[in-house]
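All chains, full assembly: derive it from the sequences and hints.
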Amino acid sequence: LPGWKMVIGGSKLNKGLAQRAIEKGINVMAGYGMSETCPLLTAANLKPELEEGEDKVDYLIKTGFPVPMVYVRVIKDDWTDVKPDEKEMGEIVVRAPWLTQAYYKDEEKTKELWEGGWLHTGDIAVVDKYGYLTIVDRVKDVIKSGGEWISSLTLENLASLHPAVLEAAAIGIPDEKWGERPMLILKVDDKAGVSEDDIRRHMEKFVEEGKITKWALPDKIVFVEEIPKTSVGKINKRVLKEMFH
211 LPGWKMVIGG SKLNKGLAQR AIEKGINVMA GYGMSETCPL LTAANLKPEL EEGEDKVDYL
271 IKTGFPVPMV YVRVIKDDWT DVKPDEKEMG EIVVRAPWLT QAYYKDEEKT KELWEGGWLH
331 TGDIAVVDKY GYLTIVDRVK DVIKSGGEWI SSLTLENLAS LHPAVLEAAA IGIPDEKWGE
391 RPMLILKVDD KAGVSEDDIR RHMEKFVEEG KITKWALPDK IVFVEEIPKT SVGKINKRVL
451 KEMFH
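Each position in the sequence shown, counted from 1, maps to that position plus 210 in our numbering.
Because the hints were derived from the structure by calculation, they are not lab data. Heads up, some of the hints might be wrong.
Computed cross-link-like contacts, DSS-like style, restricted to lysine-lysine with a CA-CA straight-line distance of at most 30 Å [unchecked claim]: (1) Lys444 / Lys430; (2) Lys451 / Lys397; (3) Lys321 / Lys286; (4) Lys447 / Lys401; (5) Lys215 / Lys225.
With beta-carbon atoms standing in for the labels, derived distance ranges [what the hints assert, rightly or not]: (6) Phe433 / Pro307: 44 to 52 Å; (7) Trp289 / Phe433: 37 to 45 Å; (8) Gly332 / Gln229: 39 to 47 Å.
Ideal Cβ placement from N, Cα and C applies to all residues, glycine included.
So, in structure tokens, the structure goes:
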């Protein structure tokens, strides 16, 4: 499909899917926004110094950097900006001329949306040295285990790099000792003959590479025929939590 240019939003563009698109000649990148932002906030255009790099796919799947007339901050609980080290996490808050001003007949929700004079997205992100944002989770989806935060999106992205994995979802399941522990739910190619142990070995190599901690390895891996989606095509984690909690 040479000549196609696609901006993918709605859910995270994972690396495995991006690589397959590029192999077919599609110029693909991630974009980010929400209904309340009408809709675009950021796009993962490649900066000139990154266009020829071997890791350019890693930048194309990031959340990107703000489009013109959008001002973005990633803030901690004390309203200080996170360091651009790809480790410190915070919530994305934004200002732009076209943002939603209020929710219809819902003053309380409007107050939460615009706390401190910035629109709160509910998305947790990190920032790199080039200014690219990477969403690592939703406030409501991050896996809270033993006082640590584990990004469900990171687990999904790494799982998707296995050639047999077609779709991946990660959720936190209740644990008496740690509060929550990670669980991977996978749709795989039936012809591949992949096993739970194959997926475990695949994930363990990312611990060795320093991409995740050993603590983030999933306690449970489940294969399903279909992963439930919302009406707009996002993974429906509410349904998954109801299924496996």
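Quick rundown of the hints versus the structure:
no.	hint	result
1	Lys444 / Lys430	holds (22 Å)
2	Lys451 / Lys397	holds (16 Å)
3	Lys321 / Lys286	holds (19 Å)
4	Lys447 / Lys401	holds (27 Å)
5	Lys215 / Lys225	holds (17 Å)
6	Phe433 / Pro307: 44 to 52 Å	holds (47 Å)
7	Trp289 / Phe433: 37 to 45 Å	holds (43 Å)
8	Gly332 / Gln229: 39 to 47 Å	violated (29 Å)
Going down the numbered hints, you'll see the structure goes against just number 8.
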